[in-house]
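Turn these sequences into a full structure, and let the hints steer you where they fit.
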Amino acid sequence: MADLSVKFAGVQSPNPFWLASAPPTNTGDQIMRAFDAGWGGAVWKTLGEPIVNVSSRYSTVDFNGQRVMGLNNIELITDRPLAVNLREITEVKKRYPKNALIVSLMVESKREKWHEIVRAAEGAGADGLELNFGCPHGMSERGMGSAVGQVPDYTCQITEWVKEVAKTPVIVKLTPNVTDVVYPARAAKKGGADAVSLINTINSVTGVDLDTFTPRPDVGGRSAHGGYCGPAVKPIALNMISSIAKDPEVRIPISGIGGIATWRDAAEFILLGCTSVQVCTAVMHYGFRIVEDMIDGLSNYLDEKGFRSVNDLIGRSLPSVTKWEELDLNYKIVARVDQQKCIGCGVCYVACTDGAHQSIAARAEHGRTHVEIIEETCVGCNLCSLVCPVEGCISMVRDDTGRPPLTWKQYQEDPSAHKHLGPHNAH
Amino acid sequence: MESRSNPFSELKPPLALDAALAEASRCLFCFDAPCTRACPTHIDVPAFIKKIATGNLRGSARTILEANVLGASCARVCPTEVLCEGACVMNDLHAKPIKIGQLQRHATDWAMAHGVRPFSAGPKQPGKVAILGAGPSGLACAAELTRLGIEAVIFEAGKQGGGLNTSGVAEYKMTPEFALREVSWLVEAGVQIKTGVRVGSDLTLEELEAQFDRVFVGVGLGRIGKLGIPGDDLDGVVDAIDFIAELKLERAQAKVGRRVAVIGGGNTSIDCVTQAERLGAEEVYLIYRRGPEEMPAYRHEVELARASGCRFIYLAQPVRILGRGKVEAIELARMRLGAPDASGRRRPEPVGGDNQILDVDMVISSTGQKPRSELLELLEPKGIKLDRGRVAVDERTMRTSNPSYYAGGDCVSGGKEVVNAVAEGKLAARSIAADLRHLWK
Chain L
1 MADLSVKFAG
11 VQSPNPFWLA
21 SAPPTNTGDQ
31 IMRAFDAGWG
41 GAVWKTLGEP
51 IVNVSSRYST
61 VDFNGQRVMG
71 LNNIELITDR
81 PLAVNLREIT
91 EVKKRYPKNA
101 LIVSLMVESK
111 REKWHEIVRA
121 AEGAGADGLE
131 LNFGCPHGMS
141 ERGMGSAVGQ
151 VPDYTCQITE
161 WVKEVAKTPV
171 IVKLTPNVTD
181 VVYPARAAKK
191 GGADAVSLIN
201 TINSVTGVDL
211 DTFTPRPDVG
221 GRSAHGGYCG
231 PAVKPIALNM
241 ISSIAKDPEV
251 RIPISGIGGI
261 ATWRDAAEFI
271 LLGCTSVQVC
281 TAVMHYGFRI
291 VEDMIDGLSN
301 YLDEKGFRSV
311 NDLIGRSLPS
321 VTKWEELDLN
331 YKIVARVDQQ
341 KCIGCGVCYV
351 ACTDGAHQSI
361 AARAEHGRTH
371 VEIIEETCVG
381 CNLCSLVCPV
391 EGCISMVRDD
401 TGRPPLTWKQ
411 YQEDPSAHKH
421 LGPHNAH
Chain C
1 MESRSNPFSE
11 LKPPLALDAA
21 LAEASRCLFC
31 FDAPCTRACP
41 THIDVPAFIK
51 KIATGNLRGS
61 ARTILEANVL
71 GASCARVCPT
81 EVLCEGACVM
91 NDLHAKPIKI
101 GQLQRHATDW
111 AMAHGVRPFS
121 AGPKQPGKVA
131 ILGAGPSGLA
141 CAAELTRLGI
151 EAVIFEAGKQ
161 GGGLNTSGVA
171 EYKMTPEFAL
181 REVSWLVEAG
191 VQIKTGVRVG
201 SDLTLEELEA
211 QFDRVFVGVG
221 LGRIGKLGIP
231 GDDLDGVVDA
241 IDFIAELKLE
251 RAQAKVGRRV
261 AVIGGGNTSI
271 DCVTQAERLG
281 AEEVYLIYRR
291 GPEEMPAYRH
301 EVELARASGC
311 RFIYLAQPVR
321 ILGRGKVEAI
331 ELARMRLGAP
341 DASGRRRPEP
351 VGGDNQILDV
361 DMVISSTGQK
371 PRSELLELLE
381 PKGIKLDRGR
391 VAVDERTMRT
401 SNPSYYAGGD
411 CVSGGKEVVN
421 AVAEGKLAAR
431 SIAADLRHLW
441 K
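Here the protein sequences come in this chain order: L and C. Mind the numbering: the first sequence is residues 1 to 427 in the working numbering, read in order. Mind the numbering: the second sequence is residues 1 to 441 in the working numbering, read in order.
Possibly wrong hints are sitting among the right ones.
Said to hold, decoys possible - No more than 30 Å apart at the CA atoms, straight line, and that leaves these computed lysine-lysine pairs for DSBU-like: (1) L:K341 x C:K96; (2) L:K341 x C:K50; (3) C:K50 x L:K234.
To be verified - A few chain C residues that face chain L, going by a derived Cβ cut-off under 10 Å, partial list only: (4) A22; (5) S25; (6) A53; (7) G55; (8) A87; (9) V89; (10) N91; (11) D92.
Hints in this document: simulated from the structure, not taken from any laboratory. Note that the Cβ used here is the ideal one computed from N, Cα and C, for glycine as well.
Set out below in structure tokens:
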């Protein structure tokens, strides 16, 4: 059985599955139940100055009958007294010494305030600190959260203040609500951060009630933008994480966050450079019990692939992540339909004809729709195989162009290389 | 399985909102969808299902009703297993087909409950059409003509409309109350029905021809009639159509025997079997002179009968009904299958030897409805050709050999589904409208 334990910026954890700083980590009772269920670590819901919350707070995006494809919230940091949180942190750490207990922090952008809260959290027993520079609603209006994360200089400055007193590893939690997340990551590194975590939630309005005309969530006939998370944001998170993991200037551990619900999601985050992953929405939907299959599934996967440790997986996909200009223009694939498997729904035909490259022919045959790929014009875009409802019915197969590999970059450097381009590039 | 406690409860109850949304979301939204092709009225099934998924129930119902104005009853009585749902590509995916019938019911029930009109009468056009019979084909023809702006009047011999929808559908599929509610819904939208008018006696064809430009004949079929064997007039021998009509219209008073023999192998026989069982018969036999392969009833209907505990006696021909005044037993001759007959099915022949005596106290004859010969006799002198007791039509237009007369439904097909009758009535209406175009200015 593969070893799932990780050491994240010096913090030991029995597995890479952590609870993100959020409603599931609001109390010691919740975190202890989570550890009992198998979670390796938890990031305590952000401590700071006292706040008050509104009602309601959450709204979702559902898709084709599936609930919570995306979750939006306008809840703020902890609304429990600091002393209560600190007392519970101490208790949890005492009872669960082997689990990673990170405490999220957010206070006014004043050096003393930060020194004070860092000392309090570490004094209570935190294994590490996470600086919340990402919260996109409410707190940002008061100059905290994403208001800090969106300005690299502030990110650097506050990280430096924290590092002046911190004895435990400092993780900077980044906001995705920026043009290029690499810049704030570099600023965190420059300020002395030991690690980064991302993504925090994305600015969002999940929808509008068509009867009341008020966007959701409705707070007495008004609404404000919130922070979006859940399965829908995973691709955005993966892109931001890989761009930071590839950046030669950052080079510090990454804790991945954003739509992770299963071991498969977690494995993808780890393959793109994360050492630990954090989960919130899936737990808000199904509870702490989901970690059982995350552990079991990841362990089986590692065994099947012959990896001894989850650490062998970290960043393994990064070498294949590149820029568009580095892609081989002469690599060509075409769609192929397995007529034995085809059920005749015609969805590939209409998708290709109306939505892509008009390379599927359809005709009615014995009362069924029969489709055929027009290979001469097929550009290998994948669309048909993506919309096909039958597993393995449409496959994309290599069509050897016989032409040497040629990237756009090479082509730009040597325009005469155009003679090596095939007709598929022009379609 | 359905409980036996209430013989009138529905076999397929309505879908709850959440279930309908989940089911609608399963639809693949096929291009040139096989379900639509399989539907005789060609309802755009993926379109109406997509509309359910988006919460556009009004639009969904309209999509259904524009193609099939009796979409609400068809949602209940259609043999979807062999039509739309049988054609669903999900079957090839080894998944359950989309519950198209129940989704159609979801949308049309909503429309009926929310005052949506089944169709809108079009701007008035010249021409008047008389429709004989307020069954499914006549209703569909009238609705389509009204939609096209052509005045249409249905003449119905009975007291109420709906035809077999009202009196001839197994109760667990559709109640007469619902069938009549659907008729009223069409009437409110502009379909005109004159009930209690018997063509021939109350109103002659000549009178009709004088008042109307075209006539649509949708008179359906008549009773099944006698079995033509000794004892077929004993008390306890009933016609399947009468049996179903009685239990539907009289409910609590409906009579059923303790041991019931249903003669015939069609879908009506299955309705009789399952209804007799639900009404409390202890033993129910279905007696058919050919084998299970030749039986015309749909497989899913046969399974329904089998599940209800019915015993099938194949290759058996009733030769005599025994009893003093009332049915006590039925005598069956054993048969075997010989060479194929004109219908392509192998002809049953007597084997000889001993006959079987089956103790029963009720015999339901369900050997197929006979043509309404009294009406057909009136049509023949008008130059309307008949084919083996059916009204002969050009299938592309539903026009008879008399260009002023059109026909559709069971009197043409010899007995098909409601949805076929609707398709034929609609097609006839469109042909009539094209035919009357010369009257337009």
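How about A87 (chain C): closest beta carbon in chain L under 10 Å, or not? 7 Å, holds
Residue hint V89 (chain C), partner chain L, criterion CB-CB below 10 Å: Hint on V89 (chain C): holds, closest Cβ of chain L at ~4 Å, below 10 Å.
Is K341 (chain L) within 30 Å of K50 (chain C), Cα to Cα? 25 Å, holds
Restraint check for K50 (chain C) with K234 (chain L), where alpha carbons must lie at most 30 Å apart: 27 Å, holds
Given hint D92 (chain C) near chain L, where the shortest CB pair must fall under 10 Å: This interface hint holds because 4 Å falls under the 10 Å limit.
Identify whether the interface hint at A22 (chain C) stands, where standing means a beta carbon of chain L within less than 10 Å of its own. 4 Å, holds
Hint check, G55 (chain C) versus chain L [nearest Cβ-Cβ separation less than 10 Å]: Holds: closest Cβ of chain L sits about 9 Å from G55 (chain C), inside 10 Å.
Interface hint check: A53 (chain C), Cβ to nearest Cβ on chain L, cutoff 10 Å. Holds or violated? Since chain L brings a Cβ to about 7 Å from A53 (chain C), closer than 10 Å, the hint holds.
Restraint check, 10 Å cut-off on beta carbons, for N91 (chain C) near chain L: 8 Å, holds
K341 (chain L) and K96 (chain C): Cα distance at most 30 Å? Distance ~17 Å between K341 (chain L) and K96 (chain C) Cα, so the pair holds.
Cut-off 10 Å, beta-carbon criterion: hint that S25 (chain C) touches chain L: 4 Å, holds
Consistency with the previously given hints is maintained throughout, with no hint failing.
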